[in-house]
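Visitor: Sequence:
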Amino acid sequence: MIAAAGGASRVVAPALDRAQFGLAWTADGAGVLAVLEDDRRQPLVRLDLATGAVTRLVDGDRVVEGMHTAAGRIAVLVSDAVTPTELAVVAGDGLQRLTHENDAWRATVRLGALEPFTSRSSDGTEVHGLLMRAPGVPADRPNRMVLWIHGGPVAQNDFGFWLEAQALAAAGWHVLQVNYRGSSGRGEPYQRAIYADWCGKEVVDLLGAVDAAVQRGIADSARLAVGGWSYGGILTDCLIATTTRFKAAVSGAGSSLFTSMYGVDQYPAQYDAELGPPWKNPKAWEKVSYAFYRAERIRTPTLFMGGALDFNVPIAGSEQMYLALRNNGVPTQLVVYPGQHHGISRPSFAVDRLERWIAWIGR
Numbered sequence: 001m002i003a004a005a006g007g008a009s010r011v012v013a014p015a016l017d018r019a020q021f022g023l024a025w026t027a028d029g030a031g032v033l034a035v036l037e038d039d040r041r042q043p044l045v046r047l048d049l050a051t052g053a054v055t056r057l058v059d060g061d062r063v064v065e066g067m068h069t070a071a072g073r074i075a076v077l078v079s080d081a082v083t084p085t086e087l088a089v090v091a092g093d094g095l096q097r098l099t100h101e102n103d104a105w106r107a108t109v110r111l112g113a114l115e116p117f118t119s120r121s122s123d124g125t126e127v128h129g130l131l132m133r134a135p136g137v138p139a140d141r142p143n144r145m146v147l148w149i150h151g152g153p154v155a156q157n158d159f160g161f162w163l164e165a166q167a168l169a170a171a172g173w174h175v176l177q178v179n180y181r182g183s184s185g186r187g188e189p190y191q192r193a194i195y196a197d198w199c200g201k202e203v204v205d206l207l208g209a210v211d212a213a214v215q216r217g218i219a220d221s222a223r224l225a226v227g228g229w230s231y232g233g234i235l236t237d238c239l240i241a242t243t244t245r246f247k248a249a250v251s252g253a254g255s256s257l258f259t260s261m262y263g264v265d266q267y268p269a270q271y272d273a274e275l276g277p278p279w280k281n282p283k284a285w286e287k288v289s290y291a292f293y294r295a296e297r298i299r300t301p302t303l304f305m306g307g308a309l310d311f312n313v314p315i316a317g318s319e320q321m322y323l324a325l326r327n328n329g330v331p332t333q334l335v336v337y338p339g340q341h342h343g344i345s346r347p348s349f350a351v352d353r354l355e356r357w358i359a360w361i362g363r
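In terms of my numbering, the sequence shown has 27 at position 27, counting the first letter as 1, and numbering is strictly consecutive.
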């Protein structure tokens, strides 16, 4: 914080090692409201400017997606695993829900239950995630499971409503979501663990979580799939170049030959900071591009997808991996959505994408 008149800055809550967004003043001006990313949850908190104390106003296994203040009241957009986003106001120690836009729809569907999932990687790291169980599957019966990987990598899977995971669960898949090292929600050291070392510790964490799901009788080891978008697509490429245990894969908006992205995508500063220019540190670039350089090891049938106008992770990354698999005789498809950027925003395309995910991993 810096006084309006200027002067030295002061960190209000130095012990609060979490990403914050949606900042707003409290009505009395003595504090700041913020939404935090905190280990699969996304609470609304009040930061006391004088003491740095953090008070959680909205917490629990749910996600505050947005917040607005007016006339001393706080309105929030909030969801949980089985409740799509609704509008509520903070009232005392809880929430007063104002809208019920999704109640009628909820009454017509069976939704998957979401539960915390903890695993330990081969190097001893404790990793937190979430498991959505397919509705109707007995808890003591191993089931087919898809490992769905979030992008970022500085992001997190959380307890909020996620339609795509529910659709996969409705199709009979358990959905494992893992906050691998590099994810947000567990502090800066956890995030920085993969600095300049992509597709390393993340792969260890993801495979460790899959091992745990199999060992606990949750997942059928003969019926595993994997997928993700953006950095999740990048990690999907890394996984299928590391192991043949997945029977199908979906790689969305990913890339593997990172030298081909230099000066093309939107990350030149990050590349220079973490890896250095390709001509100065070619070994580092080759290391993070191992999915492409090990493409001859890939045996997993893979669907590659992306937007034609994506300048975040250009479609060339998917095209290159598609061609590599095709040249090696591995079943593969490439789907490019015209007029789309990094996210698929046209509703008909979003539906098509989801249907293709389900069809591909179910083959």
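Everything labelled a hint here was simulated from the structure, so no lab data went into it.
Cβ coordinates follow ideal geometry from the N, Cα and C atoms, glycine included.
Treat the hints loosely; a few may be bogus.
Said to hold, decoys possible - Taking lysine-lysine and the DSS-like style, the derived pairs with C-alpha atoms no more than 25 Å apart in a straight line are: (1) K201 <-> K287; (2) K201 <-> K283; (3) K247 <-> K201.
Said to hold, decoys possible - Derived Cβ-Cβ restraints for the label pairs, each shown as a range: (4) N102 <-> A273: 34 to 44 Å; (5) A27 <-> R97: 16 to 26 Å; (6) T118 <-> N312: 29 to 39 Å.
Visitor: Now, for every hint given, state plainly whether the structure supports it.
Guide: Tested hints:
1. Of the supplied pair hints, the one linking K201 and K287 holds, its CA atoms being roughly 13 Å apart against a limit of 25 Å.
2. Restraint check: the Cα-Cα separation between K201 and K283 comes to about 18 Å, which is no more than 25 Å; the hinted pair holds.
3. Annotation: proposed proximity of K247 to K201 holds, straight-line Cα distance about 22 Å (limit 25 Å).
4. Between N102 and A273 the Cβ separation comes to about 42 Å, which falls inside the hinted range of 34 to 44 Å.
5. At roughly 22 Å, the beta carbons of A27 and R97 sit within the given window of 16 to 26 Å.
6. Take T118 and N312: their Cβ atoms lie about 31 Å apart, and the range 29 to 39 Å holds.
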